[in-house]
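With the sequences and hints as input, model every part of the structure.
Number of protein chains: 2
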Amino acid sequence: MVSSCTKYELRCNECGKSYGNVPLSACSECLAPLEVQYDLESVRGRFTRESIAAGPANIWRYKELLPIPEGFQPDLPVGFTPLVRAKNLGKRIGADNLYVKNDAVCFPTLSFKDRVVSVALANAQAFGFTTVGCSSTGNLANSVAAQAARLGLRACILVPSDLEAAKILNTQVYGARLVRIDGNYDHVNRLCTQIADEYNWGFVNVNLRPYYAEGSKTVGYEIAEQLGWRLPDNVVVPMAGGSLIRKIRKAFRELIALGLVEHKNVRFFGAQATGCSPISHAVKEGWDYIEPQRPNTIARSLAIGNPADGPAAAKMIRETGGWAEDVSDVEIVSGIQELAETEGIFTETAGGVTTAVTARLYSHGRISRDETTVVCITGNGLKTTDALEGRFEVERAVKPKLAAFDEYIREVDGSLVGAAQELVLAGGVQ
Amino acid sequence: MVSSCTKYELRCNECGKSYGNVPLSACSECLAPLEVQYDLESVRGRFTRESIAAGPANIWRYKELLPIPEGFQPDLPVGFTPLVRAKNLGKRIGADNLYVKNDAVCFPTLSFKDRVVSVALANAQAFGFTTVGCSSTGNLANSVAAQAARLGLRACILVPSDLEAAKILNTQVYGARLVRIDGNYDHVNRLCTQIADEYNWGFVNVNLRPYYAEGSKTVGYEIAEQLGWRLPDNVVVPMAGGSLIRKIRKAFRELIALGLVEHKNVRFFGAQATGCSPISHAVKEGWDYIEPQRPNTIARSLAIGNPADGPAAAKMIRETGGWAEDVSDVEIVSGIQELAETEGIFTETAGGVTTAVTARLYSHGRISRDETTVVCITGNGLKTTDALEGRFEVERAVKPKLAAFDEYIREVDGSLVGAAQELVLAGGVQ
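If you read the protein sequences in the order shown, they are chains A and B.
Just so you know, we're using full-length UniProt numbering here: the first sequence kicks off at 1 and counts up by one.
Just so you know, we're using full-length UniProt numbering here: the second sequence kicks off at 1 and counts up by one.
Just so you know, the hints here were simulated from the structure itself, not pulled from any lab data.
Please read these numbers as outputs of a predicted model, since none were measured by experiment.
Where hints are given, some of them may not hold.
Dumping the calculated SDA-like pairs for lysine to any residue here, alpha-carbon to alpha-carbon at most 20 Å [to be verified]:
| hint | chain 1 | residue 1 | chain 2 | residue 2 |
| --- | --- | --- | --- | --- |
| 1 | A | 17 | A | 39 |
| 2 | A | 91 | B | 152 |
| 3 | A | 399 | B | 177 |
| 4 | B | 399 | A | 190 |
| 5 | B | 250 | B | 13 |
| 6 | A | 87 | B | 72 |
| 7 | A | 7 | A | 18 |
| 8 | A | 401 | B | 183 |
Computed beta-carbon distance windows for the label pairs [claimed, not checked]:
| hint | chain 1 | residue 1 | chain 2 | residue 2 | range |
| --- | --- | --- | --- | --- | --- |
| 9 | B | 259 | A | 315 | 55 to 61 Å |
| 10 | A | 29 | B | 229 | 50 to 56 Å |
| 11 | A | 233 | B | 14 | 55 to 61 Å |
Where a beta carbon is used, it is the ideal one built from N, C-alpha and C, also for glycine.
Following this line, the structure appears as structure tokens:
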């Protein structure tokens with residue numbers, strides 16, 4: 001598999017200054033964020049439905065629109081996760097055309113971060129970094145640790161000290177150096193900016209951020225392709241830094257511009273936890289700025305009190321005619337259970353947020369029941385089992401005897417003891 | 001998507017008696033296991049490389065050779081997991097052509113059991129069962145609970161009472177009734193046979209076992225297809241009941257018979273934990289029978305002391321010129337770490353078994369370094385984090401100040417504090 005031949009470079013979002021390709025995330029002139037811009041015309045004809053279908057069943061089928069350095073051979077099969085029709089959840093919340101984009105099973109580390117990390121590390125190698133790192137609320141740490149190990153890069157990963165045990169283990173097991181910081185994510189992130197400068201390490205979400213962020217577009221490409229090359233009416237996206245929701249929209253706009261899908265104004269809905277809802281608040285208030293908050297929520301992967309892409313995300317949401325909602329910790333846990341019980345998908349707290357927010361958007365009439373809506377589930381439930389602690393009774397053990405089982409079942413769940421079920425043996429099954 | 005039109009039925013492996021299609025797993029005449037047999041000639045021409053490539057990126061691309069009842073519309077995108085080239089692990093253990101088949105990220109519940117359950121439940125519905133269940137060491141419980149929820153079936157799941165906390169939670173969260181049995185897996189399984197009869201429930205690995213087992217063939221189909229329609233020289237497979245390893249071979253034989261791959265005698269290597277190694281022992285001793293053991297190992301998903309397919313698996317392994325090995329609990333944990341550190345894949349204890357056994361097979365010269373070997377990783381590490389408890393130091397939290405970080409890093413990992421790294425900015429990255 002050869003790397004993309006697409007021309008791309010970093011450019012300032014505000015003043016338009018060009019930077020070529022360097023490990024830099026902010027404009028030296030006006031301090032605005034830098035973004036990867038592509039020569040779309042050089043892509044036309046090379047990024048088609050057919051060329052994509054001929055590609056592998058992972059994100060690299062979209063490599064023409066990813067910042068892949070020349071000579072880089074992507075061989076890790078990241079992404080291209082299931083898009084499932086959510087009929088049962090839809091019945092419960094009054095949604096007839098509901099889909100779940102399920103990054104809870106993303107390869108290799110069960111969150112959408114695998115996408116952004118694979119793109120960032122491709123560039124880290126090209127820039128000559130031998131040590132990479134990140135500031136993380138958990139999923140990013142897992143992904144950087146795993147992918148760096150496979151690429152033979154050293155990894156030094158900084159996290160808030162109260163990170164869930166599973167996420168800490170799921171980072172250390174790959175041999176990465178994990179550093180717990182006595183502070184919240186915003187403290188960690190600030191420190192990483194300083195470390196990146198002093199140590200010359202490639203921090204995927206600091207000095208490699210513009211490249212890293214592009215990986216999120218693949219969620220958008222996949223949604224469009226898996227819906228049969230059409231765009232949904234709505235997308236519901238959890239917001240931490242505010243980058244993912246913007247990149248999904250960027251992906252849709254690129255597909256429209258290149259003629260792979262018909263034009264449609266997709267409405268974007270942001271989901272946050274009430275205990276850390278700076279962007280949701282800005283959307284509801286109609287602000288163009290973010291009022292930072294001190295995070296206080298079990299949804300720790302969304303616990304970014306001062307989100308880098310916050311103002312831009314709020315603005316974009318309103319532009320598309322979307323909205324944002326935030327939900328309590330109690331609703332988050334209910335959301336996790338609801339998705340599990342209806343669709344058999346076990347998501348982490350961020351997914352509980354997104355599910356609960358989706359339900360609210362429908363019940364408040366912000367989305368009509370017949371609209372096609374994709375709910376972005378970004379991480380796996382096994383990463384935040386703490387949130388469900390004590391929620392389920394672990395009952396007494398039963399002796400391995402039929403009589404003991406009979407007695408137990410009558411005691412705990414009489415409804416399971418029905419009249420003998422009639423078996424439909426339709427003259428042999430076929 | 002329409003269901004398979006392939007004719008199939010249950011037949012006794014020993015006396016050949018036919019049963020049509022019924023929820024039955026043993027022959028009433030000679031008590032041998034029943035197996036699904038296909039009219040392969042009716043499949044020829046409909047199961048081709050092209051027809052498969054045109055199918056979806058999941059196990060249903062192989063539906064022509066799966067027992068799918070007429071009228072069943074598979075819509076859950078199970079399987080088609082990554083097959084990754086394991087260069088780093090290979091370097092460490094002296095294997096030049098090593099691959100990992102990674103079911104640790106299988107959809108929906110992160111183990112290969114998702115494959116067998118989806119096929120079993122398709123048949124459960126056709127037989128009219130409204131409650132399904134299983135006896136399980138964990139992964140099967142998760143999968144039945146999740147998939148039953150999505151299909152609207154009740155689920156009653158029985159497990160040994162000492163099952164890992166994550167596996168218990170990852171079953172209850174879907175709304176399934178989980179019953180802890182005061183005994184080991186073999187006790188649980190025996191009890192389930194009695195319950196299946198009395199309650200008329202569809203136990204996927206008891207009365208639906210022949211259909212369930214066929215789902216494992218998809219591991220073999222995928223390996224062959226992902227290697228470019230060729231068979232490997234060797235496959236290393238963990239063994240609990242002994243079914244998976246046999247079904248992978250069945251899949252390879254079907255592909256050869258139907259002309260999708262060239263004939264090759266693939267060698268099969270079974271992997272067990274020394275603390276529960278009845279099949280490995282039988283292979284090493286050259287026995288045609290199993291001497292049951294009382295399991296005592298952290299690899300609880302392989303803790304089946306009296307494996308149903310044990311004798312047949314041992315016989316098959318020797319027929320192919322393969323071998324079996326078993327490893328200690330210490331080696332299992334090292335195996336988990338080794339796979340994580342080299343390939344960025346975090347597997348559960350069963351995967352640690354398989355990785356450690358693979359290393360031993362190469363170091364003992366049973367597999368030569370240039371041979372193509374696929375290592376089957378069957379479940380995710382987040383399910384057995386208990387096994388790694390205490391293995392990694394959770395160090396003190398560091399103040400969010402650069403000076404504090406500097407001091408900390410010098411103290412714990414001086415090698416990370418190198419001379420400023422030279423960045424290779426190759427005249428812009430492209």
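Cross-check of the supplied hints:
| no. | hint | in the structure |
| --- | --- | --- |
| 1 | A/17 / A/39 | 16 Å, holds |
| 2 | A/91 / B/152 | 12 Å, holds |
| 3 | A/399 / B/177 | 17 Å, holds |
| 4 | B/399 / A/190 | 12 Å, holds |
| 5 | B/250 / B/13 | 13 Å, holds |
| 6 | A/87 / B/72 | 17 Å, holds |
| 7 | A/7 / A/18 | 13 Å, holds |
| 8 | A/401 / B/183 | 10 Å, holds |
| 9 | B/259 / A/315: 55 to 61 Å | 59 Å, holds |
| 10 | A/29 / B/229: 50 to 56 Å | 55 Å, holds |
| 11 | A/233 / B/14: 55 to 61 Å | 58 Å, holds |
In this structure, every one of the numbered hints holds.
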